Amino acid sequence: MRGKPGALAVYAAAFLAFLYAPAILLPVFAFNDSKVIAFPLSGFTFEWFRQILDADSLHDATLNSLFIAVSTAILATTLGTFAARASTRYRFPAKAGIMGLVMTPLVLPEIIVGVSLLVAILQLGIELSLWTIVLGHVLICTPFSVAILGSAFQNFDKSLEEASIDLGRSRFATFRLITLPLVLPGILASLLVSFTISLDEFIIAFFLAGSEATLPIYIWGQLRFPQKIPALMAVGTVLLVASLTLLATAEFLRRSSIRRTGTDAAKGLM
Amino acid sequence: MKNAMIRLVGIGKHFGEIVALDGVSAEIRESEFFSLLGPSGCGKTTLLRMIAGFDEPSTGEIYIDGKSMDGVPPNRRPTNMVFQNYAIFPHLNVADNVAYGLRAQRQAKDEIRGQVSETLEMVGMAGFENRQSHALSGGQRQRVALARALILKPKVLLLDEPLSALDRQLREQMQTELRHLQRAVGITFVFVTHDQEEALTMSDRIAVLFDGKVAQLDSPIELYRRPANKRVGEFIGVMNFLRANLISEFPGGYEVDVEGLGRVAVSMRQAPGGASASRLLAGIRPEMLTLVFDDADSSENYAKGEVVDTQYLGDMTYYEIALDGAGKTVTLSMRNTAGRPILAPGTGAKVRWTPESVLLLN
Numbered sequence: 001m002r003g004k005p006g007a008l009a010v011y012a013a014a015f016l017a018f019l020y021a022p023a024i025l026l027p028v029f030a031f032n033d034s035k036v037i038a039f040p041l042s043g044f045t046f047e048w049f050r051q052i053l054d055a056d057s058l059h060d061a062t063l064n065s066l067f068i069a070v071s072t073a074i075l076a077t078t079l080g081t082f083a084a085r086a087s088t089r090y091r092f093p094a095k096a097g098i099m100g101l102v103m104t105p106l107v108l109p110e111i112i113v114g115v116s117l118l119v120a121i122l123q124l125g126i127e128l129s130l131w132t133i134v135l136g137h138v139l140i141c142t143p144f145s146v147a148i149l150g151s152a153f154q155n156f157d158k159s160l161e162e163a164s165i166d167l168g169r170s171r172f173a174t175f176r177l178i179t180l181p182l183v184l185p186g187i188l189a190s191l192l193v194s195f196t197i198s199l200d201e202f203i204i205a206f207f208l209a210g211s212e213a214t215l216p217i218y219i220w221g222q223l224r225f226p227q228k229i230p231a232l233m234a235v236g237t238v239l240l241v242a243s244l245t246l247l248a249t250a251e252f253l254r255r256s257s258i259r260r261t262g263t264d265a266a267k268g269l270m
Numbered sequence: 271m272k273n274a275m276i277r278l279v280g281i282g283k284h285f286g287e288i289v290a291l292d293g294v295s296a297e298i299r300e301s302e303f304f305s306l307l308g309p310s311g312c313g314k315t316t317l318l319r320m321i322a323g324f325d326e327p328s329t330g331e332i333y334i335d336g337k338s339m340d341g342v343p344p345n346r347r348p349t350n351m352v353f354q355n356y357a358i359f360p361h362l363n364v365a366d367n368v369a370y371g372l373r374a375q376r377q378a379k380d381e382i383r384g385q386v387s388e389t390l391e392m393v394g395m396a397g398f399e400n401r402q403s404h405a406l407s408g409g410q411r412q413r414v415a416l417a418r419a420l421i422l423k424p425k426v427l428l429l430d431e432p433l434s435a436l437d438r439q440l441r442e443q444m445q446t447e448l449r450h451l452q453r454a455v456g457i458t459f460v461f462v463t464h465d466q467e468e469a470l471t472m473s474d475r476i477a478v479l480f481d482g483k484v485a486q487l488d489s490p491i492e493l494y495r496r497p498a499n500k501r502v503g504e505f506i507g508v509m510n511f512l513r514a515n516l517i518s519e520f521p522g523g524y525e526v527d528v529e530g531l532g533r534v535a536v537s538m539r540q541a542p543g544g545a546s547a548s549r550l551l552a553g554i555r556p557e558m559l560t561l562v563f564d565d566a567d568s569s570e571n572y573a574k575g576e577v578v579d580t581q582y583l584g585d586m587t588y589y590e591i592a593l594d595g596a597g598k599t600v601t602l603s604m605r606n607t608a609g610r611p612i613l614a615p616g617t618g619a620k621v622r623w624t625p626e627s628v629l630l631l632n
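Taken in sequence, the protein lines are chains A and B.
Per the working numbering, the very first residue in the first sequence carries number 1; after that it's consecutive.
Per the working numbering, the very first residue in the second sequence carries number 271; after that it's consecutive.
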């Protein structure tokens with residue numbers, strides 16, 4: 001392996017550049033004083049960020065997306081907690097099959113999920129709204145939540161719960177005082193991952209949206225107008241900073257939890 | 271005799287087709303250090319978990335301090351448990367771990383703090399209150415687990431192989447400490463272990479469990495001296511087994527012909543299972559056989575043989591000796607007192623025995 005460090009280093013650098021260069025272009029053009037997305041750069045401006053502040057439909061779409069992402073994160077994590085606990089703690093008939101069905105949306109093409117959900121919802125006579133998007137997003141986020149929390153519960157030593165009950169606590173007090181604090185990093189990880197997936201999900205949202213657009217749908221719609229593209233670059237920059245902040249927060253929480261408990265409840269997922 | 275603290279009446283447990291416990295009955299006395307000893311899978315941990323209330327027996331009933339424990343959950347039982355891996359709460363420090371049970375009882379804060387430091391001092395962990403639990407060593411975790419259980423002053427303390435994770439030196443130290451602690455607090459200890467040496471050194475009485483049944487319940491001395499059958503004899507310490515044939519029964523005992531030893535008169539006391547079968551086993555401990563170095567020794571009960579193997583352990587020497595007329599070798603141990611020679615393999619050996627040291631087993 002030590003024979004060609006040069007070639008490997010070049011490969012690694014090229015790989016990283018290819019992966020991240022487009023993301024770096026976002027902030028570059030967001031501050032560029034030109035309606036055309038092209039080099040050479042012509043000057044520095046806050047104009048595009050000012051446009052963001054004025055765009056009411058963008059604000060509505062953002063609020064819609066935040067509403068959907070928060071609802072999805074909470075619902076998917078709640079369902080994921082139940083499923084993960086059931087699969088790691090209890091034995092029941094057809095467990096493998098049921099867990100398989102829960103995890104399947106992870107590998108189903110989203111366009112298939114979107115189309116079939118749309119058909120089912122229309123057949124049931126339910127009106128399309130933000131809630132129908134939440135429904136679709138919960139479906140695809142729950143498997144991630146189950147995977148994250150499954151590993152958190154797997155690492156969780158069952159005798160800790162038994163010790164708590166043995167020391168005179170009720171089952172509910174045990175869950176509150178022992179189980180919850182110890183799987184909390186896993187729950188936070190699941191909330192963040194579900195939130196992020198839901199926030200930028202386009203296909204299912206596109207199929208299940210009623211009259212109200214989400215942020216990705218709004219961005220897609222704006223691409224038809226070349227003069228709006230610099231403002232989209234600014235939106236992208238804000239999103240980039242926001243996701244990096246979220247990721248850093250999640251990592252900070254995970255490390256402080258390792259320091260606190262000596263165990264890693266969200267092992268290998270962040 | 272002290273009162274029964276725990277009464278186990280015909281306890282059975284099956285998981286589907288597998289029988290974990292089969293009609294176990296026993297009485298565990300007040301303030302007793304009681305061990306459940308057996309190989310892994312014998313049902314000893316299942317039995318302990320039933321006393322704690324984590325498992326329900328399929329049949330039979332458990333009484334603690336005279337009350338039936340039928341349907342009583344673990345948090346309402348007068349028992350506390352020290353888990354095999356200690357189950358120290360990783361997100362709480364030492365003081366919060368130890369105070370965990372007391373806080374459920376809503377006592378005053380100062381009262382709790384006082385009891386915590388008192389209990390920590392009792393287990394030799396004074397001053398460790400603010401230590402984070404993941405910064406504790408194995409022995410310290412063990413002490414915290416003990417303190418956490420003992421602070422509630424349970425009637426029974428249950429210990430699930432608590433020493434198995436410690437290294438040898440620490441284990442021996444903890445054995446002594448646990449014994450002292452038990453005497454000091456006077457609480458009934460029920461101790462699960464697969465280590466016969468550990469059970470012998472610590473217990474007042476031991477129940478030996480094989481395949482979900484009590485094979486023998488006795489004091490360590492009785493258990494070692496008079497195991498109820500071959501399996502118990504093998505499990506506890508080392509025992510030689512020689513084939514024996516019943517010759518006759520006389521008042522107070524049996525006369526048998528033991529391979530390698532010849533005719534032996536065994537008293538009733540030394541035949542715990544009687545001598546119903548004609549083919550029996552004579553059990554004899556290695557330290558009950560003695561090498562005779564003095565040719566002039568005129569004692570009657572000796573057998574001749576040849577040293578096959580010599581194991582020198584410093585204070586002791588273990589010999590494998592092929593007795594004339596015996597199908598297999600016997601193990602013999604000699605203390606290495608001053609001037610006593612060590613025999614090399616291949617030398618002839620003269621082995622003395624006494625009828626009192628021969629057990630008759632079915």
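Hints in this document: simulated from the structure, not taken from any laboratory.
All of these numbers come straight from a predicted model, not from anything done at the bench.
Where hints are given, some of them may not hold.
[Stated by the list, open to error] Straight line, CA to CA, 30 Å or less: simulated DSSO-like cross-link-like pairs of lysine-lysine:
| hint | chain 1 | residue 1 | chain 2 | residue 2 |
| --- | --- | --- | --- | --- |
| 1 | B | Lys500 | B | Lys337 |
| 2 | B | Lys425 | A | Lys158 |
| 3 | B | Lys423 | B | Lys337 |
| 4 | A | Lys158 | A | Lys35 |
| 5 | B | Lys337 | A | Lys158 |
| 6 | B | Lys500 | A | Lys158 |
| 7 | B | Lys620 | B | Lys500 |
| 8 | B | Lys425 | B | Lys337 |
| 9 | B | Lys483 | A | Lys158 |
Here is what the structure says about each hint:
1. B:Lys500 with B:Lys337: With Cα atoms ~37 Å apart, Lys500 of chain B and Lys337 of chain B exceed 30 Å; violated.
2. B:Lys425 with A:Lys158: holds, 25 Å
3. B:Lys423 with B:Lys337: holds, 18 Å
4. A:Lys158 with A:Lys35: The hint is violated at about 60 Å.
5. B:Lys337 with A:Lys158: holds, 28 Å
6. B:Lys500 with A:Lys158: violated, 38 Å
7. B:Lys620 with B:Lys500: Satisfied, since the Cα-Cα distance of roughly 26 Å is no more than 30 Å.
8. B:Lys425 with B:Lys337: Holds, at about 12 Å.
9. B:Lys483 with A:Lys158: It holds: about 28 Å lies between the C-alpha atoms, which stays within 30 Å.
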